[in-house]
Amino acid sequence: MTLDQHLLSIILFAPFAGAIILIFVSGERLTLVRTIAAVSSFISFAASVYLLYAFDYGRGGFQFLEQYEWSKDLGISFFLGVDGVSVPLVLASSLLLFAGIFVSWHIEDRAREFYIFLLILASATIGVYVSLDLFFLYFFYEMSVLPMYPLLGVWGSHTKGYLEMKDTAKRDSLAFIFNFASNSKEYAAMKLTLFLSAGAVVALLGILLTYVGTGLHTFNLIELQGHEQQFTPFLRSAIWLLLFFGFASIAPLWPMHSWSPVGHAAAPAAVSMLHAGVLMKLGHFSIIRVGYWLFPQTTKEWAGLIAILCVFSIIYGGLVAFFQRDTKYVIGYSSSSHMGYIFLGMAALNMISMTGAVLYMFAHALATGMLFAMAGFVYDQTHTRDIPSLGGLGRKMPFIMGAFVIGLMASVGLPGTVNFIGELMVLAGSWEPYPVQTVIAVVGIAITLAYLMRMFMGLFLGEMDPKWAHVHDASPIIDRLPLLIMIFGSLYFGLFPTQFIHVISSGVQPILEQIHSAGAVAAARGGG
Amino acid sequence: MMQEMFAAQQIGFSLLTLVTFLPLAGAVLIWAIRDTGWAWRIGLGVAAADFLLSLPLFFMFTLDSAAMQFVEHYSWIPSLGISYHVGVDGISMLFVVLTTMLGLLIVVYSQGVITGRVRGYLMALFALQTTMLGVFVSLDLVLFFLFWELMLIPSYFMIRLWGGEGREYASIKYVLYTLLGSVLMLVGIVILYLQHYRFASIHHLSPALSFDLMDLLRTPMALDVQMLVFVFLFFGFAFKTPIVPFHTWMPDVLLAGPIAMSVILAGIKLGTFGFVRFSLPLAPDASRAALPVMMVLGLIGILYGAYIALMQADFRKLLAYSSISHLGYVALGIFALTYQGIQGGLIQMINLGITTAGLFFFAGFLWNRRQTLTIAEFGGLAKGMPLLATFFLIIIFSSIGLPGTNGFIGEFLILFGAFKAHWVYGASGVLGVILGAAYLLWFYERAIFGKVTKPANENLRDLSPRELAIALPLVALIFWIGVYPSPFLHRINGSVDALYMRLNRTATMAAGLQTEAAGAVVPPATTGYEEPR
Amino acid sequence: MEFTLSVSAADLLLMLPEFLLTGLACLVLVLDFSFPKISKATLAWITAAGLSGILVSLVWMFASGLQGALFKGMFVLDAFAVFFKIIVVFSTLIVLLASLDYIKRIYLFRGEYYVMIMLAALGMLFMASANDLLSMFITIEFSTFGFYVLVAYLREDDLRSSEAGLKFFVLSVFTAAIMVFGISLIYGETGTIIFPELAASHPVLTGGLVIGFLCVLVGLGFKIGAVPFHNWIPDIYQGAPTPITAYLSIAPKAAAIAIVLRIFFSTFAEFKPEWVWLLIGMAALSMTYGNIVAIAQKDIKRLLAYSGIAQMGNLLIGLAAGTKMGGDSVLFYLVTYLVANLGAFAVVIIFSNLTGSDQIDDYSGLSRRSPLLAAAMMVFLLSLAGVPPLAGFIGKIYVFTAAMHEGLIALVIIGLINIVISMYYYLVVVKKMYIGQPTDHRPIPLSVPMKAVVYATVIGTVALGVYPKPFIEWAVASTSLFSHLIGP
Amino acid sequence: MITLTHYLVVSTILFALGLLGVLIRRNFIIVLMSVEMMLNAANLNLVAFSYYLHSLTGQIVALFVIAIAAGEAAVGLAIIVVIFRGKIATNVDQINLLKW
Amino acid sequence: MSVVFFYYFAAVTIISGVLTITFRSPVHCGVALVTLLLHIAGFFILLNAEFIAAVQVIVYAGAILVLYLFVIMLLNLKTEERVFHRRYAVVSLLMLGIVGQVAVLVLRSPYAGVPGTATPELVLAVGQTRAIGITMFSDYLLPFELIGLYLLAAIIGAIVLAKTPGMQERKAQLETVPAGASPDGNAAAVEPAGVTARGDEGGRGHR
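Chains as they are written, first to last, in our numbering: chain A, 2 to 529; chain B, 5 to 537; chain C, 562 to 1049; chain D, 14 to 113; chain E, 108 to 314.
No lab work stands behind these hints, which were simulated from the structure alone.
Each hint should be verified, as a subset may be incorrect.
[What the hints assert, rightly or not] Listed next, the in silico DSSO-like pairs over lysine-lysine satisfying Cα-Cα at most 30 Å (straight line):
#, chain 1, residue 1, chain 2, residue 2
1, B, K321, B, K177
2, A, K73, C, K833
3, B, K321, B, K424
4, C, K601, E, K270
5, C, K633, E, K270
6, C, K601, C, K1012
7, B, K387, B, K455
8, C, K633, C, K859
9, C, K665, C, K1012
10, C, K665, C, K601
11, C, K665, C, K598
12, A, K468, A, K397
13, B, K458, B, K321
14, E, K270, C, K859
15, B, K458, A, K397
16, C, K598, C, K859
17, C, K1030, A, K73
18, B, K455, B, K321
Small disclaimer: the values here were computed from a predicted structure and weren't measured.
Given only the sequences and the hints, what does the whole structure look like? Please build it.
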C-alpha cells in the first residue's frame, strides 16, 4: 500500500509540483500552462476523493501518517496525518482548487504567474489541514496568506467605492487600514495581508508559548497533547486566547473581519473561491487543531466567549451584506456571517454540533465557491459588480441563473444541500447550551435569504440594460464544469452525507473526549 | 396513529413515492424538451397521470383507521436518524388527492393563459407540486422540512416570473416570511429531536437518534418542553397558514402572483395541515394550554379578514382576505381540540381547497376576459355568461356554507366543536359566517347581477369547454361532500379519533409518566439536558 | 625577557585561508601593476577562482574539525570561526560576481577594486578568529578601512559616494576612538586583553569595567548597525556603490557578530543578567526604529538599509537569549539574512546598472520587464519579512523560540509586531513590481554572473526555508564553544 | 606622588574634550583632530595602566593605536581631498547630497 | 620633580586640548594639537615608556600632524564665520553630563587588575625599547602582521582615492562610462554625478 503511505504527500505536493513545473514553462504557451495547472490540481483532487473513502472511520484517530525528521534541534518533524476533521477540508480545498483553475481559465495576463500563486495558495492551505506538527501548521498557514497579495493586487479589481472616489489624495493614503469600503485592489491586498499576518503572529506567540511551556522540545501535536496541566490557569487561558484570536482573525470572527469583504471584492473569482471556501476555514480548523486539541480544559472554560462573538458575526455580517451594492461584497459579508455558524457549532462542544460545524465548513466551501464563481463570471462578462446597474441577465445566461439558484439554496441552507445537514447539526447541538444564540442564528438564515434573493433578483431578473446585449451564457465545458462539480458535490453530499458524518465524528470524538474528561479530571483534582 | 401499514402489503408498489415524484420527473422531462407544444402535452399527461395514480390512495384507503397507510420506510442518513419515511393517514390522504387534482386543473387552466416561458412555468409548477405532496406524505421531520423549504424556490419563481404588478415585492416578501417561520420551526424540530434522544438513550430505546414522527410521538415530554416545541412550530405554521398577525404577505401574494399560485396558496392549506399533523400530536398538553390564545387568534382572523374583505374593491383582494377569514375558521376548529372541531377543521381544509380554489379559478376566468378584477368594472355578467354565473354562484354558496354544499358540513362541524370548547368561541364564530355571506353575496350582486354598465362587459364569452372542464369537477365535489360526506368523513375519522384521544389521554399519560419517572431516571425536564453524544 | 616565538609551521595551517587570501590579493595587485594590458575581467575571474579555492579550504577545515589557537590564544580557529569565515568568503565571492557589471562604471583602478575587497575580507577573516581586544580592534579597523575606500570608490563621478565615504570614515573613526578608550579601561581593570584570560580572571563588575565594556559595545554596535549606533547606515548604503552596499550589509556585520558572540557568550558570560538588558533594549529599538522608518523610504537602498537595521534587531533577540540555542539561532539567522539580503542587493545592482536608478517607483512593473528578477526580488523581500517557506521565516522562528525559552516574551511580542510592520514596506515593493505599470518596457538583460548570483541566492533562500536541517546542524555544531551556557 | 588616578583624570578630560570636539565642530579636519585627541586619551590610559600594572601590553596596544591612527589619517585626508575636488566644502553642514 | 612635570604636562595638555576644539582657524587648531601631542609624549616619558614617547613624537607629531597641516594648506581652508553646530549645543551639554557621570564611574574604579611581571625595574634592566620589541615580536606578532597588511591597504586606498587621473585614463573614462552604464548597449541612463541628488527626498525619517 505505498499509495496510502504517501497519499497525503501526493495531495499536498501535486499542486506544488505543478507550480514548480510552471516556473520552467514559457508563459506564452497558455494552453500548456493551463493544462499543467489543471492536471496537477486534478491529481490532488482525485487523491483527496480517494482519501475520503479510504479513511477508516471505524478506527478514527490520525491516519495516513507520514513522518520525516526535519530539524532535531528545534524538535520539528515533517509530520503529516489526517483525522476526521481534516478530511473534508482537504477535499474541499482540492475541489475548489480544481474548480478554480477552470474558473480562471480565461485569464491571459501573466496566466503562468497566476496559476503558480494559485497552486501555492491551495497547496499551502492543504498543508495546514494535513500537518500534525505545530510548526508546519503555522508554516503552511502563513504561507497560504502571502500568495493572496499578488493574486489580489495583480489580477484583482478595484472596489466600486474606490473608483467613485474623487479625492485622489485620499485614495492611497495609509488610512487604507481604517477604510472599509473603498480600497484599491492594491490596498485591499495589503490590508488583507497585513491583517492576516497580524493574526498569524498573535497565534505564533501562542504557539511558541505552548512549545516552550511544555518543555518537551517538540512541535509534534500528538506529543504535545495532554500537557495542559503544566500551565498555570492564567497562562493557559492567555495562550488559548492568543491562539483563538490569532486564528479567528482569518475566520474571520466579528471584530476582526474588516479585511475580508474588501479582500473578497478585490480578488479574482478563483481566489475568492479559495479564500472564502477554504482559507477562512484555516481559522476554525487551527483553533480546533491547536486550541481545542492541546487545551481542552481551557476550551471548555472559554467556549462561552465564542458563542457570544459568533452571534455578532452572524447578525452583523448579515445585516451589512443586505445593504451592499457590490456582488462580491454581498457574498463576502455573507461568508463572514456564515462563519458565525461554524463558531456556534464549535462553541457548543458536543458531538453533533462539532460534527455539524466541520460539515458546515465543507458545505460552505462549496456553496460560497459557487456563488463567487458565478459573481466572477458575471463580472467577466459585464465588468461591473454593481447590482443596481445589472439586471435581467437571466435571459442571457439561463445556466448561470439556474446554478445561482442552487448556490443560493446551498448558501441559505435549504434542505437537499449539504449546508442544511451542517446547519441542522449545528443547531441541534447548540440549542441546549446556547438556546438564545441558536434562535438568533436561525434568524440569520432568513437574513441570508433576504440579501441573496435581493442580489439574485438584481442580477438575473428585471429589465436588462441594452448594453449587456453582448453577454453570453457559460461555455459548455470550461465554464460549466467547475460549477457542475460544486453543485454535484453540494447536492450529493447533501443527500448522502453519511460517509462524511462518520468520518468527521471519528475525528471530533477524541477531541471532545479530551475536553469533557479534562473538565472531569480537573474537577476531581479540585475536589481531591 | 402509531400503527403503520406498508405499501408493500396494501398495494404492492411504492405508490406514494411515485405520486410524489412523478411531477418532478415530469419537470425534468419538460426541461429536456425544447418544444412548447409538447411541453403542454407532456405536462397535461403528467398531471393527469399523477391524479390518476393518487386515486388508489382514496379508494384503497382502509376506512376508519388511524394507521399510517401506504407506508414506505428506508434508511437515509442513519448517523443522524434521518430516514425516508412516507405514508398517509386520514389527515393527509385527502390533501394528497386534492393536490394532484388541483395540479391537473391548474395545468388545464394555464394552457390557455400562460404564453411566456412555458417550459419554465410548467417546471416550476411541477416542482411545486412535488414539494407539496412531499409535505403531506412525509413522516420524517427532516424529510418534511426538506419539502417545506424547497417549496419556496418554485413558489418564488411562480410569483416573480409569472405574476402581475407588484410581484417583485410580493415574491420576496412571501419567501422571507415563510423562511423566517420555517427556520424557527427548525428549532422546534431540533428540540423534539433532542428530547427524543434524551428519552431514548435513558431508556435504551432504538433508534436513539430519530427525526421520525412515529418515534417522536412515542417520546413523552414535559409541559415546558412542549410549550417550546409548540411555540417554535407555531411560527413555522402560522407564517404559512397565515394566522392573523403573520398574514401580511398573503394579500400581496394572492394579488400579485399568477392565478395558479393563488389557487395553490389559497387552496392547499399547508400551514393548518402542519398544525394538525405535528403541533397537536407532538405537543398535546401545550396545545391544550394554548387553546385560548389560538382560539382568539382564530377568531380575530375570521372577523378581521371578513371585515377587510367587505371593504375591498378588487375581487382578488377580497378573496385574499376571505381566505384569511376562512383560515381563521380552520384554526378555530382545530384548536377547539374537540372531536368535531378537528374533524370539521380537516374537512373544511379540503373544502377550501375546492371552493377557494374554485373562486380563484373564476377570478382567473374574469381576468382573462377583462384584464381587471376591480369589482366596479363588472356588472350584469349573468346576462352574457349564464354558465359562468351559475357555477360561480354555486361555488360562492359553498364558500358561504350554504346547506347542501360542502362548506356547510365543514362550518357546521367547526362551529359545533367551537361551541363545545366554549360557547363564546362558537358565538363569535357565527358572526363571521354572517359577514362572510355579506361580502361574497354583495360582491356577486354587484358583479354578476344588475345591469351591464360597462360596454366592455357586453360581449364576453361564456365558459369555454376548457373552463367548464375545470368548473365541473369542482362543483361536483362541492355537492358530493355537501350531500354525502360520509366517504370523506370515514377516511378521516380514524385519525381524528386517535388524535382526539391523544390530546385528551396524554394529559393523564404524561402525568403518569412523569410521576413514574420522577423518582427514577428521568431528571426533571426543567434542568436542561445532558450532552448528547 | 626572552624572545620566544611559540608558533610552528604546522600550526600555521590554521591560518591557511588568511594566507591564501593575502597571497591572492598580492597576486592580483602585482598582475594589475605588471600587465597593464590585462583585462580587468580576467582579474575578476582570477579573484573569483581564488576565493572559491579559499571557500573550499574553509569547508575542508570545517569538515576536518581542525581547531587550535595561535599567538597565546589571540588567534583561534574553531568551528565557530570557520562558520563566520565561510560566510565572509561566500559573501565576498557573491559580491565580486555581482560587481562584474557594475565595475564597468569605474574607469580608474578597477584592479584595485578587487584588491580592496579582498583586503577588507582579509580583515574580516581575522575578525572571525580574533580572540583578544587588540586583535579585535585592529581587525575591525582593518576591515573598516577597506570599506572607507570602497564606499568612496566612485570618487568624483558620484559625489554621494565620496560623501558617504567621508561620513563613514568620520563616524567609524569616532567610534573606534571610543572603543580604544574602552579597551584601555578593560585592560586597566583586568590587566589582560585576551578573552580567555579575561574570562578566567572572573572580574568584578566595577565602574571602569562597565564603562569599558559599554565603550567596546559602541564600536561593535556600530559595526552591526544596531540602534542607537545605526546613524551611518542609511546614508552610507545609499551613497556607496551598490555591490559595496551589499557587501557592507553582510560581511562586516557577520564578522562583528562573531566578536560580539565571543565577548558576550564566552568572555562576559558571567554578567549575563546585566548585559541581557542592553541587548533587549538594542533589539527592541533596532527592530522598531528600522521598520517604522523604512516605511517612508523611496529609495530601495535606503529601504534595505533600514530593513537591515531591523534585521539586526531581530538577530539581537537571539543574542539576548544568551543561551547556546540563542547562539545557534543567531548563526542560522545570519545565514538566512545573508542569502536574502545579498539576493536583494543583486537585483538592485542589476536594476541600477540598466536604469541608473534606485528609486522604488522605478521598480514599477518590473515583473513585466523581467519576471525572473521580480520573482527573485519578491522571494528575497518576503524572506526578509519572514514568510514561509523562505529562509527568513525559519530564522525568525528560531530566534523567537530561543528567546522564548529564556522567557523574553515581551521581546518576542515586539518582534512579532515588527514582522507585521515590516511586511508592509516589503509588500509595497512587491506591489510596485507586480501591480504597477512600467514606464519603460525594455526587458532587462542579465549577464551570466548576475544570473548565477540571482539563481544561487533564490535557491539558497528557498532551500534554507524548506530544508534548513543541514544548516541548523551546522550552526549548532559551530557554537559548541558556548555549550557551557545554561539553557536548551 | 603621582597616582594612576592623576593620569586617569587627565585622560578622561582629554577624552571628553575630544568627544565634545567631534560633536560640536563643523569642520571635518577639526573633527578628525578631535578624534586624534580621543585616541591620545586612550593611549595615555593604556601607558599609565601598563606602568602601574607592570605589564607591557598597554604600551604595545598604544603603539598599534598610533599606527592605526596614521593609516586612518592618510585615507581620511584622501577622502577629504576627493570631496574638496568635487565640491568646495569641508564642513559637515555643507555636505548634504545624502541627508546627514 | 616628576610631580612638577606632571602638572605642567597636564596643564598644557588640557589647555591645548581646549584650544584645539575652540580655535576658529584649522591651522591654529593643528598647532594646538601638535602641542598637545608633544606633551602627551612627555607623560609617556614620565611613565617609563620612552619608546612610545619617541613614536608619539615621530609618527604623530611628525607625520600625522604634518599631513593634516599639509592638507589644510593644500585645500586653502579659510576661517569660517560659524564654527559650531548650533543644533548640537543641547546635545553636547547632555553629552557632557553623561561624560561627567562616566568620568566619576571611571575614576572611582579600583583598577586592581592582575599585575604583570614587567615591573619598571625589570624593564629598565632590559631596556625599554628592547622589552617592547621582544614582547611585540613574540606575543604580539599577529597584531603586528596585521598592522603590516593594514598599512598596505592604507597605501593602496590612499592612492585609489587621491590620485588624479592622467590623460589616458580620462580618455578611457569618456569611452567606458556610457557603455559601462548600460551593458546591453541601450541608451545610457547614467545621470551626471551632480544631478543625482534625488536621494534627498528619500532621506525622510532620518534623525
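Results of checking the hints against the structure:
no. : hint             : verdict
1   : B:K321 - B:K177  : holds, 17 Å
2   : A:K73 - C:K833   : holds, 27 Å
3   : B:K321 - B:K424  : violated, 33 Å
4   : C:K601 - E:K270  : holds, 19 Å
5   : C:K633 - E:K270  : violated, 41 Å
6   : C:K601 - C:K1012 : holds, 20 Å
7   : B:K387 - B:K455  : holds, 8 Å
8   : C:K633 - C:K859  : violated, 50 Å
9   : C:K665 - C:K1012 : holds, 17 Å
10  : C:K665 - C:K601  : holds, 9 Å
11  : C:K665 - C:K598  : holds, 16 Å
12  : A:K468 - A:K397  : holds, 12 Å
13  : B:K458 - B:K321  : holds, 21 Å
14  : E:K270 - C:K859  : violated, 35 Å
15  : B:K458 - A:K397  : violated, 43 Å
16  : C:K598 - C:K859  : violated, 42 Å
17  : C:K1030 - A:K73  : holds, 8 Å
18  : B:K455 - B:K321  : holds, 24 Å
The structure fails hints 3, 5, 8, 14, 15 and 16 (numbered hints given earlier, in ascending order).
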